[in-house]
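Trainee: What follows is each chain in one-letter form.
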Amino acid sequence: MAMTSDTPSSSFRLSMLIYDTRYRSITIQIVFLFLITMGFWWLVDNTLVNLAEKGKDIDFSFLGARAGYDINQRLVDYSSDSIHATAWLVGLLNTIVLAVVACISATVIGVIAGVLRLSNNWIVSKLMSIYVEMFRNVPLLLWIIVFFAVLTEVTPAPNAFRGENPTASMLFGDAVAITNRGTYLPAPLFDRSLGQIDIGVAHLSSNYLVILAVIIGSIMGYRALQRRATVVQEATGLRPTTWWKSALILIAPIVVVLMAMGFHLEYATLQGFNFSGGGYIRNSYIAMWLALTFYTGAFIAENVRAGILAISSGQSEAAFALGLRPNRTMNLVILPQALRVIIPPLISQYLNITKNTSLALAVGYMDLRATLGGITLNQTGRELECMMLLMLTYLVLSLMISGAMNIYNNSVKLKER
Amino acid sequence: MKKTVFIGAMTAAATLVAGAASASVLDEVKARGELNCGVSTGVNGFSAPDSAGEWQGFDVAVCRAVAAAVLGDPKKVKFVTTTGQTRFTALSSGEIDMLARNTTWTFSRDTDLKFTFAGVNYYDGQGFMINKSMGVSSVKELDGATVCIQTGTTTELNLADYFKANNMKYEPVPIETNAEAQQQYLAGACDVYTTDASGLAATRATFADPENHILLPEIISKEPLGPLVAHGDDQWADIVRWTMNALVAAEELGITSANIEELSKGTENPEINRMLGSSDDDLGGMIGLEKTWAKQAIMAGGNYGEIFATNIGESTPIGLARGLNALWTQGGLQYAPPFR
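As given, the protein sequences belong to chains A and B, one line each in that order.
FYI, the UniProt record's numbering numbers position 339 of the first sequence as 339, with every residue one higher than the one before it.
FYI, the UniProt record's numbering numbers position 307 of the second sequence as 307, with every residue one higher than the one before it.
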């Protein structure tokens, strides 16, 4: 009792803020918070003062003004009469369509190269080493330009397909034309189209929605069939023959729907200056896609190799002892465990791909950086506003990708009980 | 005590920064001893380095004349290369003192982007270049063509408007610099290349086979090209504007780089005397320069006509006729207000 009453409980001295461990961490945090706030405030204030000195202000109303320029690749309705905000959306969609496709192909290339680099076949593993080292150690921008230059200089101009004795010819029976502007492919057409659904900025084709629904329905039917077969197998010990039923469920509905809608392919034909009709993939897109795929694929290959090497050799030896062949060992035993190691660095690679799409201006691909951060910025002179919007857009996009990948990571990571 | 010294130092530093920011461009250039002039990344005849690495050209001559007027030496220029996209940011941020990069004078650039155009050194218009073998003789026949175009330029907007007005379709291929556009065009990745007609002529002059490429007859826009400076320093804008006027007036008054020494000793014509600083009037003092500023500017590369002839005139590979850019006395538009 005497001791507690002796404790100077109420005598708080200012020096205790530094010397007393109870308060020290709080003091330091408050001081840091204050300094950071001051630094941030200074940046904002400095910007505003300098803008005011130049007679400029921060104003986002330019987004509603007529853009006035054309964009070659557009996934939603856009013309030079559209507003800058729509140009922003067009650029964003072009960025996404490039990033998503490049992520998928880079993963495929990366996994194959990573596994093959560990192959016992000397030539295969050395070839993969050469691929990885070559692409990993040369800047991405150079690869983009190399792919674009090759596509532009080596492939024939549309003019070469013209005349009685053309110097170039289309592939696969007049279906595909590879030119120095892009690749022309057959496009699907429907004689009895179901029309389009207007969702504000874009039109969704009902045809594709119907086809998608039919495919999903077929797959669900196929799974139900397989489940029934398993139930029968467990009850009787005999698995019923299902292959013709599966084939019927998977193929018949889609064929019927396509025939009902009058599906046929439209081939591109040479008209005027260029091919017209059919589908068209620009060389700028192909060059970006190839460069991002092979460049990032090399990094992913190393991640995959690291993941596989992290699994102890006892695992594969045990699998071999059970009589699993090497490819089944890889698919059923090694890769599922290696995924735990592979996924976290893979997320960074996906973010890298997304951000590296901003190099697209080098080959004139109209991505987010080229529309909002390029032409819009230049024609309106709103550098600060455009750059802030651009950074915000990339930030949100990257956070969404990493969020989705983290959900996937949580589902495959080691569950500890 | 320590704290006070620290705060005092901070205040002093802040004052210094503020002082530097509010100094006039003229004082800055004089203190630096060098003019930072924004030019293109290379358009032959307008601004491109020659085989010795010296910048040469029609736009470069404007930079040199201003440097000569301000610093007395046409060599004291630091050329900063800018693309169509980076030029305005470079100028408004103060990275360059003036921009001489075949830039079109438009309403929104003058007002909304806060620049001051110092005049027009070349009256141009947007043209189209195409390979002869295409058999095209008019822009109206270009429906469906693939068009190479430099991004961030007025030509991009003119192109969109023109094709829309004529109900034609086209495929734009956006390109960053003139050199890339040239490579794409020659590889056949685009059917047509469009930019200012003078730029097309300059680009064609560098081809191995210039005779196989034609400029289509239509000029679809007005492109008055000229040097510009940032808003906010009228004295500096006056210096650039009147340096240009001095070059034009010199041609009109018959002052050339050959006879300028002779004329600056004094002539019968009072305007020549006022310009070259051989009379009592101190025109240079009125804009903060030496009395002989105009003489120095003209000596840098000759008068407007001489600059035109040596860089882009009919005797050069680029071979542009004076056309609209002849003096007003010869049916053109080049006209300098009186030096008085």
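It is possible that some hints are incorrect.
As the list claims (entries may be wrong) - Okay, derived cross-link-like pairs now, DSS-like style, lysine-lysine, Cα gap no bigger than 30 Å in a straight line:
1) K140(B) - K54(A)
2) K140(B) - K56(A)
3) K140(B) - K76(B)
4) K291(B) - K56(A)
5) K76(B) - K54(A)
As the list claims (entries may be wrong) - Listed next, the stretches of chain B that the computed footprint assigns to chain A, with coverage defined by at least 3 CB atoms under 8 Å from CB atoms of chain A:
6) 102-116
7) 272-278
Hints in this document: simulated from the structure, not taken from any laboratory.
Quantities reported herein were computed from a predicted structural model and do not represent experimental measurements.
All residues carry an ideal CB built from backbone N, CA and C; glycine is no exception.
Trainee: Hint by hint, note whether the structure agrees.
Mentor: Now for the hints, and whether the structure bears them out:
1. K140(B) - K54(A): Violated: K140(B) and K54(A) sit about 43 Å apart, past 30 Å.
2. K140(B) - K56(A): Answer violated: K140(B) to K56(A) is near 41 Å, above 30 Å.
3. K140(B) - K76(B): violated, 47 Å
4. K291(B) - K56(A): The given pair, whose Cα atoms are some 36 Å apart, is violated under the 30 Å limit.
5. K76(B) - K54(A): Cα-Cα ~27 Å, so holds.
6. 102-116: holds (count 5)
7. 272-278: It is violated, with 0 qualifying residues against the three required.
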